[in-house]
Amino acid sequence: MFLKNAWYVACTPDEIAEKPLGRQICNERMVFYRGKDGVVAALEDFCPHRGAPLSLGWVEQGELMCGYHGLRMNPDGTCSSMVGQRVRAFPSIRSFPVVERYGFIWVWPGDAELADPAKIHHLAWAEDPAWAYGGGLYHINCDFRLMIDNLMDLTHETYVHATSIGQAEIEEAPPATRTIGDEVVTSRYMHNIKPPPFWAAALRGNGLADDVLCDRWQICRFTPPSHILIEVGVAHAGKGGYDAPPEFKASSIVVDFLTPETETSMWYFWGMARNFKPEDAQLTASIREGQGKIFAEDLAMLEAQQRNLSENPDRKLLKLNIDSGGVQSREVLERLVAAEAAERAKRMAASVGARATQAAAG
Amino acid sequence: MFLKNAWYVACTPDEIAEKPLGRQICNERMVFYRGKDGVVAALEDFCPHRGAPLSLGWVEQGELMCGYHGLRMNPDGTCSSMVGQRVRAFPSIRSFPVVERYGFIWVWPGDAELADPAKIHHLAWAEDPAWAYGGGLYHINCDFRLMIDNLMDLTHETYVHATSIGQAEIEEAPPATRTIGDEVVTSRYMHNIKPPPFWAAALRGNGLADDVLCDRWQICRFTPPSHILIEVGVAHAGKGGYDAPPEFKASSIVVDFLTPETETSMWYFWGMARNFKPEDAQLTASIREGQGKIFAEDLAMLEAQQRNLSENPDRKLLKLNIDSGGVQSREVLERLVAAEAAERAKRMAASVGARATQAAAG
Amino acid sequence: MFLKNAWYVACTPDEIAEKPLGRQICNERMVFYRGKDGVVAALEDFCPHRGAPLSLGWVEQGELMCGYHGLRMNPDGTCSSMVGQRVRAFPSIRSFPVVERYGFIWVWPGDAELADPAKIHHLAWAEDPAWAYGGGLYHINCDFRLMIDNLMDLTHETYVHATSIGQAEIEEAPPATRTIGDEVVTSRYMHNIKPPPFWAAALRGNGLADDVLCDRWQICRFTPPSHILIEVGVAHAGKGGYDAPPEFKASSIVVDFLTPETETSMWYFWGMARNFKPEDAQLTASIREGQGKIFAEDLAMLEAQQRNLSENPDRKLLKLNIDSGGVQSREVLERLVAAEAAERAKRMAASVGARATQAAAG
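Protein chains in written order, with the numbering used here: chain A, 128 to 489; chain B, 128 to 489; chain C, 128 to 489.
These are calculated hints, taken from the structure and not from any lab test. Treat each hint with caution, since some may be false.
Pairs of lysine to any residue, SDA-like flavour, derived with a Cα cap of 25 Å [to be verified]:
#  : chain 1 : residue 1 : chain 2 : residue 2
1  : C       : Lys-246   : C       : Asp-203
2  : A       : Lys-146   : B       : Glu-430
3  : A       : Lys-131   : A       : Gln-345
4  : A       : Lys-321   : A       : Gln-345
5  : B       : Lys-131   : C       : Ser-478
6  : B       : Lys-131   : C       : Pro-440
7  : B       : Lys-446   : A       : Gln-345
8  : A       : Lys-146   : B       : Ala-468
9  : A       : Lys-131   : A       : Ala-239
10 : C       : Lys-446   : B       : Gln-212
11 : A       : Lys-443   : C       : Asp-203
12 : A       : Lys-131   : B       : Asp-441
13 : C       : Lys-420   : B       : Glu-145
14 : C       : Lys-446   : B       : Val-214
15 : A       : Lys-443   : C       : Gly-204
16 : A       : Lys-443   : C       : Lys-246
17 : C       : Lys-443   : B       : Glu-254
18 : B       : Lys-443   : A       : Ala-257
19 : B       : Lys-443   : A       : Val-214
20 : A       : Lys-146   : B       : Asp-441
21 : B       : Lys-443   : A       : Gly-332
22 : C       : Lys-131   : C       : Leu-445
23 : B       : Lys-446   : B       : Leu-335
Derived DEER-like restraints, expressed as beta-carbon distance ranges [said to hold, decoys possible]:
#  : chain 1 : residue 1 : chain 2 : residue 2 : range
24 : A       : Gln-151   : C       : His-266   : 26 to 36 Å
25 : A       : Ser-478   : B       : Ala-476   : 48 to 58 Å
26 : C       : Ala-427   : B       : Gly-419   : 50 to 60 Å
27 : A       : His-266   : C       : Lys-404   : 47 to 57 Å
28 : C       : His-266   : B       : Ala-257   : 50 to 60 Å
29 : C       : Ala-427   : B       : Leu-426   : 44 to 54 Å
30 : A       : Lys-146   : B       : Tyr-265   : 49 to 59 Å
31 : B       : Glu-438   : C       : Ala-427   : 56 to 66 Å
Footprint (simulated), chain A over chain C, 3 or more residues, beta carbon under 8 Å [claimed, not checked]:
#  : stretch
32 : 177 to 183
33 : 317 to 326
Computed from a predicted structure; not experimentally measured. We put the beta carbon where it would ideally sit given N, CA and C, even for glycine.
Next comes chain A alone, as it looks inside the complex (with noise of 0.2 Å):
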């Protein structure tokens, strides 16, 4: 059962650009376009006449219009126009309360009316010129929560990124977890440790000596609904570690986007912002491609392990001090959840009280 009274990163603009996007957010299958004064849209993607994607048809004069009989809606649903037809008694379809915002389209999937454009997460650094963000995106076949695993607890950076950003130093630092309300934070701190092959990379991309003991630290950040936001870095060491002046370290932002597709699978939203050198559009492109192949390296796990637990539902696996992270943040979303369903249950009596009071009244 996802969150659904959340916002979920749906899409990067340059997917709807050329033309309708058509993606399953939670299940539900939306199109995504952009609209009248380049506002952006989001629709089930269902076209109300017969049921074609909409997604499959493009934007005229601001309005999507659907490719197969050229009926055209409205941002709200309802529908706009058809050649030779009165649309008005037409039925309108669902619409998602969508946001631009910090280089992302965000997407509502549950109640309409409890859509607060306030509640999307800050993102302070995308609106800051001394930062610079890049990133990709990856479809995986894995329930969202087996991500959210994987990002909270990262030794598993010692054996499936052995080659670039794992050393077994990570798994020997042990990690401290914790909840404080509906953030959970997972951290590790290293010391006197030699640079993976990423971090030294960084560190000259930096400007800084990559032959030197550095102290590492990695503090991962989930918030509700599957964001996990993980501050990673290196300092010279003896410097002050993750509080040394920034002459001293390479440091950055691992930005992961977790948007549930249906129950077994997702859309990995990916990405890395740094406050280094972020007019510098060739390092971007660099780590973007780093980072792309590092996190593509998860993939294939995943998705076997997704298999292997759908073959074994009832199977008991272990939580170790390692997994807090992961089990903490599934708690979480756990109370979340169930809040959400008792909400909308207290909602729905208000609203048939409502009526029978109206009804005894009449």
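Could you slot chains B and C onto chain A? The hints should help.
Okay, now just chains B and C, sitting in the frame of chain A:
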């Protein structure tokens, strides 16, 4: 539920020229082959010996032979011979009434005793040397009735085929639809229009000016179980339109035989019959190529529509005036399917009654 | 239902030379690897930590290590170690009895306490330097019993392998089939025939004339759970046939180990053992290539037959004299599967009784 007591196009002669052809029609797996004296036969695609598909075998001395262990079949579904075996007591398999006519192989998937070749759709042009025909075959993953809807409402040409036969004037001309017995006719007439690219080429191919205003017509005729023949053409404006003398018009018949494979897949035999320059094989080839490209544009839309409808089985679709052709065709089909079921029930009751009378008398 | 208490060929040593091998056998997902001192082990392909397939990991210092978070396994299914963790209380996973013998890895998917290596099919030729062996592996989407039928009735060679080992004389020679204990033998003898292409080449390879009439034999032996070894050969006519002295014949053993993957898929280990020119590696390679091509001809037929049977589960097939080999082999299998179920029920009752006695005494 398919209409079973009806003639469907099963294949074309070239498909059985080299070896037997396995094809599923109305959920029945069949094998088609050319047996003794070149007569076409259709059997269940299931060897009574060990269940291998007979379509993997070959024809030897006019008999279909299983490619696994060599059982030879008669065209009536009885076993003919097998080396070292007495086949008299072998179980028979089902044989299907089949007729070769008009350049197609026609099959009757229902009760064999009701199969009357006289009921095969009469195609006058197929036997008239003044006409030429060219066509092809597509496999589509959709309910064949979605293709009936498609062909009985050519509004979609404006959108799906915007660059070839589509033009805004089509949807601006409201169609007139009527059911006459079991036939449904939906027709559209456009006046003083610029001929779209396909028709401009046809005018030129016919030795006529293509840069003058024209009248255009589309008369779609549905006949059960799933044949749609569409009279289409353009005439220089003011010369009588549909009734203009031959020297002012280019016209033809779009031929569509829709053969269900399963509930959600079909074989689409498409083609064009024309009564100008019938001897021009190059023109036949170029029309066939153009038509093939245009008709391929429908495939992605129909398969995506099918996926949407399969996921939303209870959702009501709109039935606009432009949809009347499809709606009325489906009504004819439903009426005939119900009649077929009633007829079958009646025959079963009669047969039970006859046996009871016999038993009482015995 | 598979016979579980039996030795199946799981893989060949080259398949685990570089890394662990994941393979499903009798519905069980297993991982095979070479551990300490080169001893082969087989475990469930499911890491007790988070369910990742262990086959995506690697072997380190003789221990199988999960490639996700580094849990190390012992060959008995207990956990050996994990960095930063005490694994003593970790749950074990299932380990499967496994033996390397005759150039194959053999696995016992049933009750481990019943696994007796002495029950592995004895292959005298595999340990005799006068013999050479070459073979390969195919994956086929069919019930392994369809392959038993195939190999226990070589009539199909006349049709499926018409251009290599098939010839009309095969089906003209009726086979004799008998069950001896758990073994089924079906044999065919042909006299004064022209050797087919494969055997003509074998005669030449053996330094014998290939343009003379020959006697030919095929003696298929089925032993449970799914091994079929076929003595095949040709001798110059009139020299004693099967019993002819070596200088007049070319003979070999076709080796077929059928390992069920699921109810409708299997691993097919095929090969040929010969006792002529055993040192000639090029001959081994060329026989292997030829046999590989011939055996590949069965795949399409078997998969199509499986599809037909899956669609028609209740349809009775014929059981002719030529089918006796398959029929009797299946009868042996059914008898053993029933015995295995009865044995298991008996042991469970005994164990319940023992506990009851203990409880009463306690």
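* To do: Please name the hints from earlier in the document that this structure breaks, with their numbers sorted from lowest to highest.
  => 3, 5, 7, 8, 16, 17, 18, 20, 21, 22, 23, 26, 29, 30, 31, 33
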